[in-house]
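A.B. asks: Keeping their order, the protein sequence lines are chains A and B.
What the first sequence shows, in the working numbering, is residues 1 to 191, in sequence order.
What the second sequence shows, in the working numbering, is residues 1 to 659, in sequence order.
If you are wondering where the hints come from, they were derived from the structure by calculation, not from laboratory data.
Take every hint as true, because none was put in to throw you off.
As a list, the in silico DSBU-like pairs of lysine-lysine whose alpha-carbon atoms are at most 35 Å apart:
hint : chain 1 : residue 1 : chain 2 : residue 2
1    : B       : Lys-41    : B       : Lys-491
2    : A       : Lys-153   : B       : Lys-491
3    : A       : Lys-139   : B       : Lys-331
4    : B       : Lys-370   : B       : Lys-284
5    : B       : Lys-463   : A       : Lys-70
6    : B       : Lys-120   : B       : Lys-281
7    : A       : Lys-70    : B       : Lys-331
8    : B       : Lys-463   : A       : Lys-139
9    : B       : Lys-370   : B       : Lys-281
10   : A       : Lys-139   : B       : Lys-491
11   : B       : Lys-197   : A       : Lys-139
12   : B       : Lys-275   : B       : Lys-120
13   : B       : Lys-452   : B       : Lys-237
14   : A       : Lys-153   : B       : Lys-489
15   : B       : Lys-275   : B       : Lys-407
16   : B       : Lys-197   : B       : Lys-281
17   : A       : Lys-70    : B       : Lys-263
18   : B       : Lys-522   : B       : Lys-543
19   : A       : Lys-70    : B       : Lys-265
20   : B       : Lys-216   : B       : Lys-284
21   : A       : Lys-70    : B       : Lys-394
22   : B       : Lys-265   : B       : Lys-362
23   : B       : Lys-539   : B       : Lys-650
24   : B       : Lys-331   : A       : Lys-67
25   : B       : Lys-362   : A       : Lys-139
26   : B       : Lys-463   : A       : Lys-67
27   : B       : Lys-514   : B       : Lys-407
28   : B       : Lys-331   : A       : Lys-153
29   : A       : Lys-67    : B       : Lys-265
30   : A       : Lys-139   : B       : Lys-466
31   : B       : Lys-216   : B       : Lys-365
32   : B       : Lys-275   : B       : Lys-362
Examples of chain B residues toward chain A, derived with CB under 8 Å:
hint : residue
33   : Glu-257
34   : Val-258
35   : Ser-261
36   : Ala-353
37   : Ser-418
Built from N, CA and C at the ideal position, the CB exists for glycine as well.
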Amino acid sequence: MKKLLPTSRIAIAIASLLLAITFFTPVWYIWMWAPQYPEGLSLYIWLNNITGDVDIINGLNHYIGMKHIKVEMFPEFEVMPAIVGGIMAFGLLTALVGRRWLLWAFLLTFIAIGIAGMVDFWMWGYDYGHNLDPTAAIKVPGMAYQPPLIGSKELLNFIAYSAPDIGGWMFISTGLLTVSALVFDIVRNKR
Amino acid sequence: MKKSSFFQLGTAVAAAVVIGLFPGCKPKAPGQVGVGDAATKTYVAPGQYDEFYNIVSGGFNGQMSVVGLPSGRVFRIVPVFSVNPESGYGYSEESKAMLNTSFGFVPWDDLHHIALSTTKGEHDGRWAFGNANNTPRVARVDLTTFETTEIIELPNSGGNHSSPFITENSEYVVASSRFSVPIGTDAQRDVPINTYKENFKGTVSFISVDTEGGMKLAFQLVAPPVNFDLARSGKGKSHGWFFFSCYNTEAAYSLLEVNASQKDKDYIMALNWKKAEEYIKEGKGTMTKARYAHNKMDHHSFTATSTILEEVLQLDPSVLKDIIYFIPCPKSPHGCDVDPSGEYIVGSGKLAAQIPVFSFTKLMKAIEDKDFEGDYAGHPVVRYESALHGIVEKPGLGPLHTEFDGKGNAYTSMFVSSEVVKWDIATLQVLDRIPTYYSVGHICIPGGPTAKPHGKYLIAYNKITKDRYLPTGPELCHAAQLYDISGDKMKLLLDFPTIGEPHYAEALPASLIKDKQVTFYKLEENTHPYAAKGEGEAKVVRKGKEIHVYMTSIRSHFSPDNIEGVKIGDEVYFHVTNLEQDWDVPHGFAIRGAKTAETLIMPGATQTLKWVPERVGVVPFYCTDFCSALHQEMQGYIRISPANSNVELKYSLGETSPQ
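Okay, chain B solo, but in the shape it has when bound (with noise of 0.2 Å):
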């Protein structure tokens, strides 16, 4: 008895614990979304080419990356403001001047965001636009060889994050300063930090665009200091006006994390560029000194030449009354997104819990009935309740960015709750909204940013990517997801790396640059000062201390192949011209002990490598790049010989000692 009444207490209190221990109601984490026929949708089959280019943003590798959608494959990287060893770009000596700034040589730049032309609001497929956020610059990619051909430094900026977007019928391409900084004259900007609110200054430059892309810095506006963060043009009914998110209008200079994230709302600022182009034609700008560079690349001589400015067309929009006005926003907005109509104007501020949508057409009736709340700075702050359409509540955690479908819809990323969300324009409901991995930064709709958007594909640009790849190492790949958002309800179809650190990207219908790609460069028009456009024109010439070679290649050997009379001391410039007149017969280039990169020769085009030989004996050069059957016999020697030799300096190609 006393022994089963031992058992019966201790399976009472047993199955009490037991019980207890299954803690059965620990919340499960979402796990992945269906994806169901999602493969048959990205499948490209071989041979088949994609639908869209997507030009990509490379962040901290100063690149773009050219990827089909819907695959995502990556077809090239185009060095912009990162030198490049794999082309030579910054490395040879034609192009070295790309990448001249007020400050000399630099080879490295942050490039956040893409503006692809366009033409009525739409995209045209000449050109795309990059940013350099570290050095301000904005650079030009021709899109008919995804090439870099221009870059234009900006004067007077800290840091040029709000860049480059650009107008309606590609006029301008914008870009504004996120690190306001004091300017002027070296007393003016040798001042203590904190007297910041007096002191420094915002930039907004406006550089036009002629009909050739070639860039010219018109005119800059001088703004209170603010960091701008993005912005867009207006278009249709708001052409003629640019909008700029503004954040750390606390004036903040130190732990700007706390400090300029303390007010409930900041701004957002419409500027009306007609206005200004009207001062500039009644003389109201002043030319002010200012040094930056302006770099071009001669597609015919394939080298680029960089111009240093001496001075740049200011104007003091405090002065100039009607330029720009401030439309409150709630916390330190980020995105600014216009709507394909130009009437609505997104301000997405990141710390805010909610997305206010402003109308243009109220934004015009306050500035004219002067429904104005205050001023900023000396500049009229317009009533945050006239000129907005509407609020959209609760949309997630976060907003950072919103492009559009051109069906009345808006995507807005969310930072925080890592999701995008699916809105109605006109209602602003909330309609849908799908995770991303993990935590989104920018997001993408072909034509999303223009007045004709294609709206079946959303691109999620990541800024975690943590369990979703093979690890390797402390540092993870970006990803991007892509989903199909033609339906009611937004699909996951692919989750797939990108290259560098993209923050903006954009993209475009294949069909609209496809067959405008430049396949080869015709050697007849190559006005290379070194080229040699044929093998009788290779040849050796010393003039000094430097030693020009001017080389051709073709499959597969190098003329001339055999050099001699090269002394220590001396420099060899090899100016190699690719004599191949067809596409996809790149040849490269390279000498053992360069201490720059292999120079990679398009057809028809000639390069440069500089070469210090610094010890004796003979050093074999070759075609880096796998041109044909017999690439591997693509090799030469050339000869070094001591300072003081008295070897005769000759060149051949075939010849063989007599026997």
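This is chain A alone, in the form it adopts within the complex (with noise of 0.2 Å):
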């Protein structure tokens, strides 16, 4: 069983201790513009909140049908932090053992639930942009207002936008950085 070198294993702790940041800052947002919103509104979704202009959006939502946001319909939250913390735990495990093939099940793990996170999140989009209340005052025939996952959308009369916040940041960065170690591990090696 191949050792990883020290380096790599720094970059792995540092890695993980990066996650550590995602528990103090929002990981998403989704920002919103209309013209009688000059300012903008603001949603954060963090690890088990979600905060920012929830009332005003959910005020204005209800016009077309939309469900209200609350925190109770995001069951996620209940164990998001719990797995972060076993990512964290898992990738300290890893810089302690410092071996390779540890690092490659880091890696796929890390990955698979970085996969298995946005799914989630565009499941949930589309059933919050597509489930509408028949009820609805305002009915505009095919219309969805499903937000984007990443980048920006117009929605009837606001243009939608969604992009990592600090604690996406962080996640993007713990990958970047486990992949970085990885290759450079392999490549040291090779010499």
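Reassemble the complex: the two chains are provided individually, in unrelated frames, and hints are given to aid placement.
C.D. replies: What follows is the structure, encoded as structure tokens:
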């Protein structure tokens, strides 16, 4: 079994510890702009909460029959902190044990969880945008209001923009750092 | 070696993270549209006049404001349905009757819409009508004095939103109910709310207007319990017809935001009022018991009288056929506007994503051919496609109200997408769009609803101002935008705050009324019973507990200005006549402790302030309108003695004590 270089092990430890930041910062945000809201409206998604102009957005969206956004509609919030804690522990264990196969296992787990998270987010967005109250006041034929997964999209009089927040960038950084550590380790050991 | 490799790894990762941290693709909020030489286009040099008068509803302030265009300057606030302590309107003994209703004195209302009088479909500059939404009334403002001259109450109306709208030659001002209510006897009105469909009625009231402007409730149509929203008279070829937007055809009586928004189509109601007149001539109407006030201001006695009327002529169009027809119109139409030719009727479904335009010619043919798709509450519903001229596709979101420029174009306000959209009436193609700041309600083009629009400017009246002006706590000003619509592209010229909460407004060329203004009232024509038409007529008279002061005011004194012999328990009536016979010299009158307001007296007029003294002492009164260089000297005293005192009643001017 190949042992990891010390540099890689340090990098993996840092990568894992970066995730600690996600407990204190929003992971994702959705920003919406309309003529009447020149200042924009924001939604911040945390590991276990959703904050920002939730009430204003709920007030607006009820005209078109969208569900009220509230913490209880996200069962994910109950398990997210534990999952992230688990990833951190796995990463630190990898750094400690220092085996290449463990790094592979860690990286693949991390990517799998990341994909699962994005799929889950997309599915929520699909349901939120499509599953409309049939008695809504405003019904625009053929119109759905699924927020963009990432990037911007026009929804009636709103422009919606979705992107990672600081916590999200931490996840991306963890991923990049872990990949870099693995590549570095492979390249170095080949020389 | 080891150190540098660690460095390499570090920089690679850092670079990736830093690049990622800049979300460069966040869309920018669209900025301000360019205004170019707008300032010079709205600049009215000192001493110059504006080109248009803009008569603007004040919404919840119950007033009208008079604004100049293109400058946006406010000239005057005309109190209509609300008391105005500034002028004494609703406080002075003479004006109180203007605000009388069948419910008694009502000091406030919500004035939404303006209708200017027309002749042959064009503005004639005689009167401005306004509606009271809450306690249903219609008022007439005389455009030679800018004073509220007449108010008529509307019986059997739950709320007077779809009002006032005027026929081509000002034959009728039409007012219909937004809130349907059960009408008739006490027993007919005391019904469970959930019997809405069976027991509730809408009403459409036709107020006839005589050549002097005098209003009379000519007849009232009892309609199905829809909510009437807005309306327009036909003109030209469609003269004799009237068109009303109707929502809540679901007949909801609770949670209307959901329950009145369910049908894909509501209606525009087409009403043949010439036919209604025929039925009346044949004696087909029914005189029905009602109770409503009719208030008139007399401009010789400066005194309003209020008469309570007891009956109204009603027509039941479900029995008297061929008066009303319904045309399907998508969803919850707000605006219902007729183009200058009278051929096209534009329905603005506020929840719809398109604007249907109906053709009067096609509508007539469909009615003739009995091309109906069903009935609504016993009235024929014309087949949608048969009456349709065409549809403006994807105009914007939340179409509310349409005006016309007389050059074949229509302009529709879009509440939700906060813009004005210009489109071609014939081809139905969208030609241009421009943002408003924010959430525009009504729009106004001078002459826009008439047969002869002056398509130079468009004003947008907005519901939200947000970040447009210096903030003033939780409540912000409402505002308007002025656009130049003389070219192919609309251009923003001016953004200005408005008074109250304007809904609809109309504008007309200044030349139509500027030179007809009353500058003062002739003293010799003053018929006020307590007028003192010269200082020789000034006096104080006791009638039991009432003290009547026949007072004059002229620069810069009152006569009399010393009054004694008034006792606790007396009621003092100051009847102040302004003896000035020149323009722009009003005098004011105020007295300490008066629980009403000041009164402002125009030259040649008489106004009365009632005051009940409660404390012994000498009380000053003074002129509140800065009338002259010696305005600060324009004052007087009244002595108040105990109830049982023997002080003799006397009054004087300029007397001094013997030395």
